[in-house]
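**Q** Chains A and B, in that order, give the protein sequences. According to the working numbering, the first sequence is numbered sequentially starting from 1. According to the working numbering, the second sequence is numbered sequentially starting from 1001.
In short, the hints are calculated from the structure, not lab data. Computed from a predicted structure; not experimentally measured. Treat the hints with care, as some may be off.
Pairs of lysine-lysine residues, derived as DSBU-like cross-links and limited to a Cα-Cα distance of at most 30 Å, are as follows [as the list claims (entries may be wrong)]:
| no. | chain 1 | residue 1 | chain 2 | residue 2 |
| --- | --- | --- | --- | --- |
| 1 | A | K98 | B | K1032 |
| 2 | B | K1162 | A | K97 |
| 3 | A | K98 | B | K1162 |
| 4 | B | K1038 | B | K1208 |
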Amino acid sequence: MAVQFNFIISEIIAIVVLILALRPTLKKWKDSKNRMYIAVSFYAVAVIIYSFLTLFSFIYEIDTNIYVIGWVKIGYILGYILFIVQFEFLLYLRRLKKFYTLPFVVTFYLVVGNLLSESAMPFIIYAVLLTFIPAYLLLRDGKRNRNGLAIGMGLLFLFWGIGQSIQVPVFFQLCKLLGAISFYLGTIGFYEKYVFPNQEEEAKIMGTWISKLVVKD
Amino acid sequence: MVDDVLVATLAHLGFSLNLFIIPITALIVGIKLFREKKSTGKYNFVRVTIFSIFTTFSVLVILEFLVNVPVVKSALLVDLFVGDFEGLNLYTFLIGIIASLGLTLIAVANRWESFYYSSLFFYSGMVILFLFTGFDDFLMIYVYISGSLSIIFLYLTAFRVKDNGALALAIFFTIAFGSVALNDDFITRVSVLIYDVVLIIYSLGFFKPFKEEVVS
Chain A
1 MAVQFNFIIS
11 EIIAIVVLIL
21 ALRPTLKKWK
31 DSKNRMYIAV
41 SFYAVAVIIY
51 SFLTLFSFIY
61 EIDTNIYVIG
71 WVKIGYILGY
81 ILFIVQFEFL
91 LYLRRLKKFY
101 TLPFVVTFYL
111 VVGNLLSESA
121 MPFIIYAVLL
131 TFIPAYLLLR
141 DGKRNRNGLA
151 IGMGLLFLFW
161 GIGQSIQVPV
171 FFQLCKLLGA
181 ISFYLGTIGF
191 YEKYVFPNQE
201 EEAKIMGTWI
211 SKLVVKD
Chain B
1001 MVDDVLVATL
1011 AHLGFSLNLF
1021 IIPITALIVG
1031 IKLFREKKST
1041 GKYNFVRVTI
1051 FSIFTTFSVL
1061 VILEFLVNVP
1071 VVKSALLVDL
1081 FVGDFEGLNL
1091 YTFLIGIIAS
1101 LGLTLIAVAN
1111 RWESFYYSSL
1121 FFYSGMVILF
1131 LFTGFDDFLM
1141 IYVYISGSLS
1151 IIFLYLTAFR
1161 VKDNGALALA
1171 IFFTIAFGSV
1181 ALNDDFITRV
1191 SVLIYDVVLI
1201 IYSLGFFKPF
1211 KEEVVS
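Kindly produce the complete structure, drawing on both the sequences and the hints.
**A** So, in structure tokens, the structure goes:
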């Protein structure tokens, strides 16, 4: 009972945090008209819908491990939809326009594979690749360009990936929550402010401190 | 009896002609491609696709010749090639690549950037699925649909931009896929001779039904 309660609470917090994160991204899009913010918002909405569906299936005791057709589970379908959005987001981010149809083709064959075979390996491999590779790329780019939003997205992917890899429900919920919070911090500019402080300002402070020492001497 | 001899003679003539004409066409297209690369510094994607189509087709006709020529040959090659539409084998694999490249050519010619590699992704998925599960039921449908779409769009593109190359390829694809679809021995043999003639005219640069091309 306590586990169920914890699950519902953490899922609700994650949804609320993600909804809060939507506000600054949409505002930034309105100000800059940069389509990247719309893409980020779209991905956040997909994660929110996924979390809502997970929550409802949990509350109404719908077993997501039920086979819909062949060996296709409800959980797989939800995962595939989220992965399409995630993959498209990554391609959009890297401006790989020629690969835009790849996520749909891969998903199509994974579903066909699920119809024919019980093996979950293709889904797991796809999930791992689509979680850790984008996480690495986003964190690398975010660090290089001092972009907090990219860091937030990277951490969201990373925590989700770690949570899904270690198949312990409590740990997965915790990771999901951490991911949502990291993403929210990215959207409000937390990383730019505290993780990547302004180098010029830092140099000025450093300069003042050194000059004070010199005057004292 | 006379019919059988005629078909056998036509088949032999077709295999022999194909063996020279298609690789030579591939070579001419390749030379044009690399010459253009040298002068402009980058590859022309349309030419790369056409070159890939003819290179794949060359491999197909060479293998077909080797399998059909009455000499001692490796059983493995015969088993892999099959030479008929019986599931996914080397013959259908190569035809599938040509059909996919036909769709790629349409996407490239019309600058539908998002669809440049779609057909190749779809076909690769089909092959990977076959390797893991042995499932190849999509292949026939795919080849027929992609072949038909390639032909329709090639004609549309050829008439829209008044492109001689696209029209030549459209005629070539119509004859080649038409003969595969009809699957009649006599028609196939005659078709081979016709498309060889079309290819000779095209590769030598004599195929110019549009006097003024909108896009060169």
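**Q** Starting from K98(A), check that the Cα of K1032(B) is at most 30 Å away, please.
**A** 25 Å, holds
**Q** Regarding the pair K1162(B) and K97(A), is the alpha-carbon distance no greater than 30 Å?
**A** 28 Å, holds
**Q** For K98(A) and K1162(B), compute the direct alpha-carbon distance and say whether it is at most 30 Å.
**A** Cα-Cα ~26 Å, so holds.
**Q** Quickly compare the C-alpha distance for K1038(B) and K1208(B) to 30 Å and report which way the hint goes.
**A** 26 Å, holds
When each numbered hint is compared with the structure, no violation occurs for any of them.
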